[in-house]
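> Use these hints to put chains B and C onto chain A, whose structure you have.
Residue numbers (our numbering), protein chains in the order written: chain A, 1 to 203; chain B, 204 to 406; chain C, 407 to 609.
Quick caveat, the hints were computed from the structure, so don't treat them as lab data. Hints are not guaranteed to be accurate.
Once the Cα atoms are required to be at most 30 Å apart in a straight line, the calculated DSS-like pairs of lysine-lysine come out as [said to hold, decoys possible]:
{"no.": "1", "chain 1": "A", "residue 1": "LYS4", "chain 2": "C", "residue 2": "LYS421"}
{"no.": "2", "chain 1": "C", "residue 1": "LYS409", "chain 2": "A", "residue 2": "LYS15"}
{"no.": "3", "chain 1": "B", "residue 1": "LYS361", "chain 2": "B", "residue 2": "LYS300"}
{"no.": "4", "chain 1": "C", "residue 1": "LYS410", "chain 2": "A", "residue 2": "LYS2"}
{"no.": "5", "chain 1": "B", "residue 1": "LYS331", "chain 2": "B", "residue 2": "LYS300"}
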Amino acid sequence: DKKKEIIIRSIQVIKMRLLSQTIKSSMAIAARLSARNRITLNNRMGVIRHVHIEKRLSDLGIELPPLGTPKGSYALTSRQGNLLYLAGHLPMPTDGKLMVGKVGDTISPEDAAIAAKWCALNIISTLKAELGDLDNVVKIHKLVGFVNCVDGFDAQPKVINGASDTMFEIFGDAGRHARSAVGTNALPLNVPVEIEAIVEFKG
Amino acid sequence: DKKKEIIIRSIQVIKMRLLSQTIKSSMAIAARLSARNRITLNNRMGVIRHVHIEKRLSDLGIELPPLGTPKGSYALTSRQGNLLYLAGHLPMPTDGKLMVGKVGDTISPEDAAIAAKWCALNIISTLKAELGDLDNVVKIHKLVGFVNCVDGFDAQPKVINGASDTMFEIFGDAGRHARSAVGTNALPLNVPVEIEAIVEFKG
Amino acid sequence: DKKKEIIIRSIQVIKMRLLSQTIKSSMAIAARLSARNRITLNNRMGVIRHVHIEKRLSDLGIELPPLGTPKGSYALTSRQGNLLYLAGHLPMPTDGKLMVGKVGDTISPEDAAIAAKWCALNIISTLKAELGDLDNVVKIHKLVGFVNCVDGFDAQPKVINGASDTMFEIFGDAGRHARSAVGTNALPLNVPVEIEAIVEFKG
Numbered sequence: 001d002k003k004k005e006i007i008i009r010s011i012q013v014i015k016m017r018l019l020s021q022t023i024k025s026s027m028a029i030a031a032r033l034s035a036r037n038r039i040t041l042n043n044r045m046g047v048i049r050h051v052h053i054e055k056r057l058s059d060l061g062i063e064l065p066p067l068g069t070p071k072g073s074y075a076l077t078s079r080q081g082n083l084l085y086l087a088g089h090l091p092m093p094t095d096g097k098l099m100v101g102k103v104g105d106t107i108s109p110e111d112a113a114i115a116a117k118w119c120a121l122n123i124i125s126t127l128k129a130e131l132g133d134l135d136n137v138v139k140i141h142k143l144v145g146f147v148n149c150v151d152g153f154d155a156q157p158k159v160i161n162g163a164s165d166t167m168f169e170i171f172g173d174a175g176r177h178a179r180s181a182v183g184t185n186a187l188p189l190n191v192p193v194e195i196e197a198i199v200e201f202k203g
Numbered sequence: 204d205k206k207k208e209i210i211i212r213s214i215q216v217i218k219m220r221l222l223s224q225t226i227k228s229s230m231a232i233a234a235r236l237s238a239r240n241r242i243t244l245n246n247r248m249g250v251i252r253h254v255h256i257e258k259r260l261s262d263l264g265i266e267l268p269p270l271g272t273p274k275g276s277y278a279l280t281s282r283q284g285n286l287l288y289l290a291g292h293l294p295m296p297t298d299g300k301l302m303v304g305k306v307g308d309t310i311s312p313e314d315a316a317i318a319a320k321w322c323a324l325n326i327i328s329t330l331k332a333e334l335g336d337l338d339n340v341v342k343i344h345k346l347v348g349f350v351n352c353v354d355g356f357d358a359q360p361k362v363i364n365g366a367s368d369t370m371f372e373i374f375g376d377a378g379r380h381a382r383s384a385v386g387t388n389a390l391p392l393n394v395p396v397e398i399e400a401i402v403e404f405k406g
Numbered sequence: 407d408k409k410k411e412i413i414i415r416s417i418q419v420i421k422m423r424l425l426s427q428t429i430k431s432s433m434a435i436a437a438r439l440s441a442r443n444r445i446t447l448n449n450r451m452g453v454i455r456h457v458h459i460e461k462r463l464s465d466l467g468i469e470l471p472p473l474g475t476p477k478g479s480y481a482l483t484s485r486q487g488n489l490l491y492l493a494g495h496l497p498m499p500t501d502g503k504l505m506v507g508k509v510g511d512t513i514s515p516e517d518a519a520i521a522a523k524w525c526a527l528n529i530i531s532t533l534k535a536e537l538g539d540l541d542n543v544v545k546i547h548k549l550v551g552f553v554n555c556v557d558g559f560d561a562q563p564k565v566i567n568g569a570s571d572t573m574f575e576i577f578g579d580a581g582r583h584a585r586s587a588v589g590t591n592a593l594p595l596n597v598p599v600e601i602e603a604i605v606e607f608k609g
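Okay, chain A solo, but in the shape it has when bound (with noise of 0.2 Å):
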């Protein structure tokens, strides 16, 4: 009858649209799995680079310097967001005995980049107090390089090389900054160097 034949129709059409949710859920469910797996896999990523970045540390024969107090009344970062905004960094080697000294006079271009070297150490040690791990750093992404020097002299990227080299070594791609190197004539307790950061990361 035509009666029927309007119910079967009916019928099909609640079953079809009934069908038609069930998949929508069957796929939010493995939308849903795919995404745990990938946190699990980015998890065990974690853990290997993890490895890789402490690794890399000890293969290049670098220990990390004591985490630094301000020389004043501010603090050594600023989270904003994944962003972290540094504070100027001085040259503290693991031995405790800042490096002093004017480019040009007391202290060699040589010596003031290993001091520059100790800045981006010294940077590093703030970076994993505060992030817990080091893997967790996305991408330095700019270094300001100031250098206490005599007048004339102009090679303040090659004392900053110093600093800038060693993030390349130990976070590869991540460590790829852009970067300013300026002289100027006098640095807090007359140090040869002074390097501030931004750094992104991941929570």
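Positioned in the frame of chain A, the structure of chains B and C alone reads:
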């Protein structure tokens, strides 16, 4: 009959789906109302906090200097999302007479620290003009302080503390910033201190 | 009959729901089409703006210098979201001969302002290489200009105006930036000016 049963079932399925949709709509409306309440609550909290900061300024006996004017063809601020980049600010007290001098020559470190305080207060005047209400300041993330000084002067941190302490006193934890303090042989208009800032705000 | 009535109602409900779904689908398609139109419109506006900026450059008689090379082991830029951190740029004119000198000694403030303009144009060359199209520049947020000068020189703002004016001329309001201008006793390769930038772009 079987026919009747089928019809009843199909109608039950339709009713259930309509009910499910009604529940979803109700939840959506509830979520929207809840969001509205949150906004109202935030506004109320904003009012309370506003009273607090303005009161703190008067409790500290601080009168903000008049809004500065750019010393060149630039702007005092630039907004990027919830971030505000601030130009280098100079030490202009409320009397409008710019502080001048080179530390170690024509101005003492103590007076330069006062100049640094005025730089901070000029930054705060700019923030008030830009944000309308100082309670919209979420965080002072970064200061860079340049100290005009003779060769060999090495107490730039003490000078810039004049600004950092001011930020802490006024904004509390929201005033805790990362910082660089460096020397320089020359600054605009022969000021002893110039300070720039990066500040997060809420819309 | 009652039976017949029930069937008719249930079918009406199904029809209404199908109609409702059809309307939703239509609206979704309309939204998608509208979005596509917006994109097309943006592209068209992009082309118009592109012509505009490129035309403005040629109207101003400006030829961009060739893309610079980093003077050390760093990158010219680093991307963080829609933000671009740019390295300190030097005053390299189109002839490839780097401008040198110390203001107040071997170069005049007027020539140093021309050097600042070349720094800005080198920044723009980097932006073009990095973003493909200068119309992707959303905002020049921040410049920091370092002026290599003798002690007592106090017109750094006038020197750095050479860069700021260039940004305004080329980008209009998108070129309005916050700025710091400071002196220094020494810069890389003895240039009179070094300028770094923070720029927002669209993907």
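> Each hint needs a verdict: does it hold in this structure or not?
The hints, checked one at a time:
no.	hint	verdict
1	LYS4/A to LYS421/C	18 Å, holds
2	LYS409/C to LYS15/A	21 Å, holds
3	LYS361/B to LYS300/B	23 Å, holds
4	LYS410/C to LYS2/A	11 Å, holds
5	LYS331/B to LYS300/B	21 Å, holds
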